[in-house]
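**Q** Below, each chain spelled out in residue letters.
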Amino acid sequence: MWAALDILTQANFWAATLRIATPLIFGVLGALLCERSGVLNLGIEGIFVAGAMSGWLAVYLGLPLWGGVVVAALVGALFGLIHGLLTVPLGLSQHVTGIGVTLLATSLAYFGYRVAFPNVATPPRIEPFPPLDVPLLRDVSFLGPVLGQQTAFTVLAFACVILLAVLLARTPLGLALRAVGDNPEAVEAQGLSVVGLRIGAVMAGSALMALGGAFLTLSAFNAFYFGMINGRGWVCIALTVFASWRPGKALLGALLFGALDAYQLRLQTITGGAVPSQIFLMLPYLFSIAALVLVARRADYPRALMKPYFKGQR
Amino acid sequence: MIRFVPRERTPLWLTLAVSVGAGVVALVLTAIPLALSGAPVLQAFLLMAQGAAGSGFAFAETLTRATPLIFTGLAAAVAFRAKLWNIGAEGQLYAGALATVALGAGLLELPPYLLVPIVLIGAALAGAALLLVPVLFKMRFGADEVVVTLLLNFVVLLFVQMMLEGPMKDEMALGWPQSAPVLDEAALPKLVSGLRLHGGLVLAIVCAIALHVLITRTVWGFRIRAVGENARAARYAGLPVGRAMALVGLLSGGLAGLAGASEVAGLKGYLTADLSPGFGYAGIVVATLANLSPLGVIPAAIFIAGVFVGADSMSRAIGVSNYLADLVVALSLLSVLVGGLLARFRIVLVRRETA
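In order, the protein sequence lines correspond to chains A and B.
As numbered in our numbering, residues 1 to 314 make up the first sequence, in order.
As numbered in our numbering, residues 1 to 355 make up the second sequence, in order.
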């Protein structure tokens with residue numbers, strides 16, 4: 001019993017929480033940016049895969065690590081453009097198009113990987129982002145080891161939370177983005193382009209999603225594996241509702257999820273096989289479903305979410 | 001200026017042309033990454049066609065692969081008709097497969113004419129029960145069924161792995177996590193000796209016809225369509241929206257469950273955790289290609305199955321990755337979505353009015 005509580009005092013556990021949460025922070029921020037503008041982006045799962053694969057491949061082929069980050073973001077934005085073009089001006093079903101983008105991005109990434117590496121037994125590796133190891137912080141007890149293990153990529157995630165929060169709440173662009181997801185007619189009346197704003201938001205949001213994937217191959221691990229995303233993208237969609245489309249709460253949701261995932265991994269080793277490991281592995285998914293169901297009733301959905309807008313039509 | 005003018009009704013030939021055209025466009029678009037990868041494009045496509053339908057044997061293999069896709073395609077078609085976004089056919093398929101093994105691998109010892117129906121009904125009920133949870137969450141709490149069905153896929157797959165490593169593990173299987181084989185009395189009959197084609201295909205086609213009749217000729221079919229067209233209007237008109245949704249959930253989940261039963265009792269004989277290479281997700285593509293028509297699901301499933309079987313065979317011959325098949329499938333889905341606009345709207349060029 002004490003061993004189960006003791007986990008919470010280990011620096012190692014909190015370090016893992018931050019590491020697991022980082023890709024989800026990017027994913028939830030990306031999803032909420034898309035949805036705030038009125039577009040559900042179920043391409044997220046595939047965009048994670050494409051970001052993980054393209055960012056990693058760019059570094060493997062000789063780009064610096066931050067070059068890989070940029071490549072992943074561009075690839076994400078490209079898939080966002082596809083999703084945006086199909087769902088915004090053409091008004092196609094956001095559900096089915098999103099699934100289509102996920103299938104397309106995943107299969108392109110897998111096919112590309114197989115073309116680049118036809119028969120490799122072990123996945124090729126890169127030199128990933130090093131731990132930060134900040135000189136003064138290093139010696140602070142507890143916080144030192146927790147934060148010291150993180151990389152610059154995690155810092156970028158936290159910076160994105162602040163940037164997006166400020167952008168949405170304090171800038172004219174943010175106001176326009178929020179308005180376009182609530183009341184596109186009003187935006188049109190202001191002389192702004194609904195189509196332009198929405199496509200821009202979906203591209204930027206998809207770029208953020210791709211960064212979540214790239215974190216896995218450039219920072220958390222050092223190689224690309226098939227099936228490494230394993231539903232992380234879908235989890236982000238659930239956490240977005242949980243976060244009521246707010247960047248601050250998105251950070252909270254991702255950290256909670258990270259803590260739960262890190263906790264179940266450690267609990268597995270304590271119980272020593274008495275409980276099947278799959279029970280623990282199910283917990284994060286069940287937690288996401290529970291979080292979604294609990295908040296769904298009073299969730300304040302962007303009012304024009306999933307409603308295509310056509311100029312001059314009501 | 002270009003304007004989209006909605007069509008009053010879409011002629012059948014146009015609907016068909018859009019689906020066929022989407023398949024062709026998908027193949028053409030796939031040629032781009034294929035050419036970039038340095039593979040011989042024409043040879044690859046020829047080998048795919050040969051592998052899918054070049055001989056009676058090859059085509060039988062395609063039909064065998066199409067069988068689960070017809071079931072999952074129907075599952076998606078009936079759900080999407082009612083705008084119930086069931087993306088969980090993959091999990092429901094595994095639930096059906098688990099039920100098949102639970103009932104058919106020795107628990108019940110009955111003659112085939114009793115055991116086969118019991119196993120099939122059990123599998124359908126298992127799939128349906130799994131979908132009723134998200135439907136209930138949607139109706140009761142307003143929780144988006146897309147996310148819940150998607151996440152349940154992962155939960156179910158973990159549950160299957162747990163059962164296969166624990167209570168359902170076949171001790172005879174030399175350490176491989178697989179279930180005990182289903183009894184001969186529970187197995188679906190082979191259709192032609194020497195081929196892998198099995199009774200699941202006949203059942204799938206019967207289900208497609210039955211669903212077609214249900215949707216086009218019955219009151220419940222009308223209600224399902226009405227809920228899908230406009231749920232608020234349907235409620236206002238006094239239709240039982242909740243019960244219609246529950247029925248759709250039962251049908252959709254049940255059909256996906258049958259896909260699992262058909263694969264286990266008709267083809268594999270036992271359950272492993274890699275039973276389905278994404279049949280549930282491919283079912284969404286099949287249904288969309290078929291324009292959500294139950295009868296259209298049959299040719300659409302055969303096309304998608306042909307792409308997979310053909311790509312496997314092409315991959316063995318010239319070593320191009322068979323992930324090419326997934327690429328064709330994804331591009332088919334996006335093409336048919338865009339093509340569907342042509343079926344629903346007339347595209348008219350309007351001259352700008354001069355003042």
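Mixed in with the good hints there might be a few duds.
Footprint (simulated), chain B over chain A, 3 or more residues, beta carbon under 8 angstroms [what the hints assert, rightly or not]:
#, region
1, 64–76
2, 112–119
3, 228–238
For the record, the hints were derived by calculation from the structure and aren't laboratory data.
These figures come from a predicted structure and were not determined experimentally.
A virtual CB, placed ideally from N, CA and C, is assigned to each residue, including glycine.
**Q** Tell me, in ascending order, the numbers of any earlier hints that this structure violates.
**A** 1
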